[in-house]
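Chemist: As numbered in the working numbering, residues 1 to 101 make up the sequence shown, in order.
I should point out that these hints are in silico values taken from the structure, not numbers from a laboratory. Computed from a predicted structure; not experimentally measured. Hints may be right or wrong, so weigh each one.
Here are the simulated distance ranges between beta carbons [to be verified]:
(1) E67 / E94: 19 to 27 Å
(2) K20 / H93: 29 to 37 Å
(3) G88 / W28: 17 to 25 Å
(4) L25 / A58: 26 to 34 Å
Result set (DSS-like, lysine-lysine): computed pairs, CA atoms no more than 30 Å apart in a straight line [to be verified]:
(5) K65 / K23
(6) K46 / K65
(7) K54 / K40
(8) K40 / K20
(9) K65 / K20
(10) K23 / K54
(11) K65 / K40
(12) K54 / K20
(13) K46 / K16
(14) K54 / K65
Idealized CB from N, CA, C, for every residue including glycine.
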Amino acid sequence: MLWKNIDPESVDGTYKLTYKEEKALYIWFIGRLLEDGEIKLARHGKFLPGSIDKQLEAFEMAFPKTEDDMNCDAFEGFWFLSENCPAGIVWIHENGYEGWT
């Protein structure tokens with residue numbers, strides 16, 4: 001899961017990001033993956049409509065305001081796996097295979 005590994009602390013523990021910094025970095029990273037064609041965003045078997053900017057805007061607006069709000073009644077408490085999250089990640093492989101998460 002990208003979110004669990006977005007903070008440098010998960011790498012070497014020398015720097016801890018604030019929740020706001022983690023959120024901004026995560027959304028930037030998702031945008032970069034979208035622009036590079038590595039992923040698409042989807043919900044209930046359908047790709048999200050609109051430009052990358054519009055998709056990121058919808059994602060950011062729905063994103064929990066605090067770290068405590070990230071915990072919810074979804075699998076392992078992750079907001080990303082709840083109905084409140086506007087989309088999941090679909091990994092696009094070089095051979096065209098779509099890895100739905």
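Chemist: If you draw a straight line from the CA of K65 to the CA of K20, is it 30 Å or shorter?
Modeler: 8 Å, holds
Chemist: Please verify whether K65 and K23 have alpha carbons no more than 30 Å apart.
Modeler: 9 Å, holds
Chemist: Within 19 to 27 Å: is that where the Cβ-Cβ distance between E67 and E94 falls?
Modeler: With a Cβ separation near 35 Å, E67 and E94 fall outside 19 to 27 Å, so the hint is violated.
Chemist: Could you grab the alpha-carbon distance between K65 and K40 and see if it respects the 30 Å cut-off?
Modeler: Satisfied, since the Cα-Cα distance of roughly 24 Å is no more than 30 Å.
Chemist: Below or equal to 30 Å on CA atoms is what counts here, so check K46 against K16.
Modeler: 36 Å, violated
Chemist: Can you confirm whether the C-alpha distance between K46 and K65 stays at or below 30 Å?
Modeler: This hinted pair holds, its Cα atoms lying about 26 Å apart.
Chemist: Are G88 and W28 spaced within 17 to 25 Å by their CB atoms?
Modeler: 18 Å, holds
Chemist: Taking 26 to 34 Å as the hint, is the beta-carbon distance of L25 and A58 inside that range?
Modeler: 18 Å, violated
Chemist: K20 and H93, beta-carbon distance inside 29 to 37 Å?
Modeler: 33 Å, holds
Chemist: For K54 and K20, compute the direct alpha-carbon distance and say whether it is at most 30 Å.
Modeler: Since the Cα atoms of K54 and K20 sit roughly 20 Å apart, the hinted pair holds (cutoff 30 Å).
Chemist: Would the hint linking K23 and K54 be met if the CA-CA limit is 30 Å?
Modeler: Distance of about 17 Å is within 30 Å: holds.
Chemist: What's the verdict on K40 and K20, does the C-alpha distance respect the 30 Å limit or exceed it?
Modeler: 24 Å, holds
Hint check: violations occur at hints 1, 4, 13; the rest are consistent with the structure.
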